[in-house]
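A.B. asks: One-letter residues, chain by chain:
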Amino acid sequence: MIKAAGLTKTFGKTVAVDGVSLQVGKGVIFGLVGPDGAGKTTLIRMICGLITPDRGEVSLMGYPAAEIEKARKSMGYMPQRFSLYGDLTVMENINFFGSLYKLDRDTINRRAGEILAVTGLLNFKKRFADNLSGGMKQKLALTCSLVTRPGMLVLDEPTYGVDPESRKEFWKILYRLNKEGMTILVSTPYMDEAELCKQVAFINKGKITAIGSPSSLKKDFGFKIFEIRAGTRDPEIFNGLPVLKDVSFYGDKFHVAVKDPAAALPAIGEWLAGKNVEMMSCKEVEPSMEDVFVSLAEKEVL
Amino acid sequence: MNRILAVLHKEFLQMRRDRMTLALVFMLPLVQLLLFGYAIQTEVRHISTVVFDQSLSAESRDLLQSFSASGYFDINYTAGSYDEVSRMIDSGRAKVGIIIPPDFSRSVKRGEPAQAQVIVDASDNMVANQAVAIANSIGLIKSQEILTRLKNIGGPPYDIRVRPWYNPDGITAYYMVPAILGIIVTMTMVIMTSMGIVRERERGTLEQLIVTPVKSYELMIGKILPYIALGYVQITVALLVGVIVFGVPVRGSLVELYLLTLFFITASLGVGIFISNIAKTQMQAFQMSFFFMLPSILLSGFMFPRDAMPRLIYFISNLIPLTYYLDIIRGIVLKGIGFQYLVGQVASLLVFSVVLLVMSVIKFKKKVA
Numbered sequence: 001m002i003k004a005a006g007l008t009k010t011f012g013k014t015v016a017v018d019g020v021s022l023q024v025g026k027g028v029i030f031g032l033v034g035p036d037g038a039g040k041t042t043l044i045r046m047i048c049g050l051i052t053p054d055r056g057e058v059s060l061m062g063y064p065a066a067e068i069e070k071a072r073k074s075m076g077y078m079p080q081r082f083s084l085y086g087d088l089t090v091m092e093n094i095n096f097f098g099s100l101y102k103l104d105r106d107t108i109n110r111r112a113g114e115i116l117a118v119t120g121l122l123n124f125k126k127r128f129a130d131n132l133s134g135g136m137k138q139k140l141a142l143t144c145s146l147v148t149r150p151g152m153l154v155l156d157e158p159t160y161g162v163d164p165e166s167r168k169e170f171w172k173i174l175y176r177l178n179k180e181g182m183t184i185l186v187s188t189p190y191m192d193e194a195e196l197c198k199q200v201a202f203i204n205k206g207k208i209t210a211i212g213s214p215s216s217l218k219k220d221f222g223f224k225i226f227e228i229r230a231g232t233r234d235p236e237i238f239n240g241l242p243v244l245k246d247v248s249f250y251g252d253k254f255h256v257a258v259k260d261p262a263a264a265l266p267a268i269g270e271w272l273a274g275k276n277v278e279m280m281s282c283k284e285v286e287p288s289m290e291d292v293f294v295s296l297a298e299k300e301v302l
Numbered sequence: 001m002n003r004i005l006a007v008l009h010k011e012f013l014q015m016r017r018d019r020m021t022l023a024l025v026f027m028l029p030l031v032q033l034l035l036f037g038y039a040i041q042t043e044v045r046h047i048s049t050v051v052f053d054q055s056l057s058a059e060s061r062d063l064l065q066s067f068s069a070s071g072y073f074d075i076n077y078t079a080g081s082y083d084e085v086s087r088m089i090d091s092g093r094a095k096v097g098i099i100i101p102p103d104f105s106r107s108v109k110r111g112e113p114a115q116a117q118v119i120v121d122a123s124d125n126m127v128a129n130q131a132v133a134i135a136n137s138i139g140l141i142k143s144q145e146i147l148t149r150l151k152n153i154g155g156p157p158y159d160i161r162v163r164p165w166y167n168p169d170g171i172t173a174y175y176m177v178p179a180i181l182g183i184i185v186t187m188t189m190v191i192m193t194s195m196g197i198v199r200e201r202e203r204g205t206l207e208q209l210i211v212t213p214v215k216s217y218e219l220m221i222g223k224i225l226p227y228i229a230l231g232y233v234q235i236t237v238a239l240l241v242g243v244i245v246f247g248v249p250v251r252g253s254l255v256e257l258y259l260l261t262l263f264f265i266t267a268s269l270g271v272g273i274f275i276s277n278i279a280k281t282q283m284q285a286f287q288m289s290f291f292f293m294l295p296s297i298l299l300s301g302f303m304f305p306r307d308a309m310p311r312l313i314y315f316i317s318n319l320i321p322l323t324y325y326l327d328i329i330r331g332i333v334l335k336g337i338g339f340q341y342l343v344g345q346v347a348s349l350l351v352f353s354v355v356l357l358v359m360s361v362i363k364f365k366k367k368v369a
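Protein chains in written order, with our numbering: chain V, 1 to 302; chain X, 1 to 369.
Keep in mind that the hints are not guaranteed to be accurate.
[What the hints assert, rightly or not] Which chain X residues face chain V? A few, computed with CB under 7 Å, are given here:
| no. | residue |
| --- | --- |
| 1 | N2 |
| 2 | R3 |
| 3 | K10 |
| 4 | L13 |
| 5 | Q14 |
| 6 | R17 |
| 7 | T205 |
| 8 | Q208 |
| 9 | V211 |
| 10 | P213 |
| 11 | V214 |
| 12 | K367 |
| 13 | V368 |
[Stated by the list, open to error] Residues of chain X clear of chain V, computed beta-carbon distances all greater than 12 Å:
| no. | residue |
| --- | --- |
| 14 | F36 |
| 15 | G92 |
| 16 | N136 |
| 17 | S143 |
| 18 | Q144 |
| 19 | E145 |
| 20 | L219 |
| 21 | T236 |
| 22 | V250 |
| 23 | R311 |
| 24 | Y314 |
| 25 | G336 |
| 26 | F339 |
| 27 | V358 |
| 28 | I362 |
No lab work stands behind these hints: they were computed from the structure. A virtual CB, placed ideally from N, CA and C, is assigned to each residue, including glycine.
Using the sequences and the hints, build the whole thing.
C.D. replies: Structural data, given as structure tokens:
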């Protein structure tokens, strides 16, 4: 559905996106994951034809960039920033966007009713968009991009700044849409959301560092993760221990990535003993997407 | 067509909710017309005058009597010295000083030219011009009187009679009200539409709009149409004020006036929407509108007669829609002329509208950056 090859965009002296190529197949939830400033929004805007790339090609549903208007009839896009009219009500916004796609009132009303029922906005039809909560705004934006029944949906950080409960609900809706056959490209800075995608591309500093399904990314990770509980909460306790590939601190436990457990584990024990810190437990755990991402990001720096 | 209607409907909804702006649309013609209609008087009467009469004779009193009888000069002060006259004018208490020399009466009697000096405070140009002109003509008339008496002839050799058509009484409001109406309409139209596109850009709504299949001409037309209605509302309010409050006669056909006004409204909207397409922020758009408005007011013939302008400025004034509309509205309202005399003006406005709209459609790229 989406093919991008060698996309590059420079703003002034900063290279926002640097030679990115990716393909999103039909019926996939494709996650674009990376920290703030990684180039996710620029990449998505280039894919949607909102920014002309300096180099590279995009094709949407088989249409090249020059014929993007044809693709637009059957695609939905939800920008990162709330982009609907705050001085219009929920239904007025939906009607406006629906009629830009030449849908008649009845069709819009019927479809909006269905989607609003799923998103739980039915009782807010007459409320001004400005008076909705952050999560509801996002759901309204989603509704607007769905009334046209697009075959493909592009979402730029749809859950940014939304509370965890609404995030969960939002993803439930995305899953449901995907089950009905919709192709979804979604960007997110949240690693837990990356786990929910069928395909994930890690993007950092404008470049894609890894691409694959969450399980294959974890399998190819190449490091073991140990969860250590120790008698200290000093996040920098392991600084200076070379056998550790990476350390993350989660408040009461540490995740350390090691290449060779046989050599590393005794070293950790010695290190802590030398610091007079008790080691309460140490067990191997499945790497999370976050572990994978953090180490990929580090590799990039080195 | 459907999509134009969708944009149109959306704009109407938003306009209806923007109470402040709507109120402004109604209040602007009302308040501006009342303010300017009363305040702008190009004719200056009752100029404060100081007199230093060293002659103190029947002749000098006769001359001063002519000055005060004209209605233009109010003799408020008499001075005892030249210095006192200059102090009066320096301090601004008097704008004009009349100095009559001691030998004034004797010269008149002898048939020699009797001199009287009139000092005018020319730091205020408008007052000065008027005072100079009136003082000169008083001098001429008085001289004539004496000449005809001495030479014993029936009247002056030339008798030129001037008949000011269309506004015989020279009522300033007749001339100003239609012009102010034009200014109000162009100001509102340009400023309001100049926000149209750039507001969506600033609020981020344009990003969502761009990914829809809406075409740029559909967006432009949908955004402009509601303002045409608004422009007509304004014109109607302004005309009513003009007729009811200032008694401006509408001599030509109202239907024709309303029809030809359409070209002026679309030209103004064209300017606004074009500004909106090149501005990056609403602030910029506002500044650009202002940049456009000032020359419109100064060069259109509203403030200064275009015939007096240097060639280059005259040429620039041709690029201002208001210039043509002033011809149209003054023509229809005051002169009662019809379309056949205004073809050139209408054609010019039409060219403005088409060029600006086409440029806007071309300039509007469906991109965010």
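A.B. asks: Could you tell me which of the numbered hints above are not met by this structure, giving the numbers in increasing order?
C.D. replies: 20
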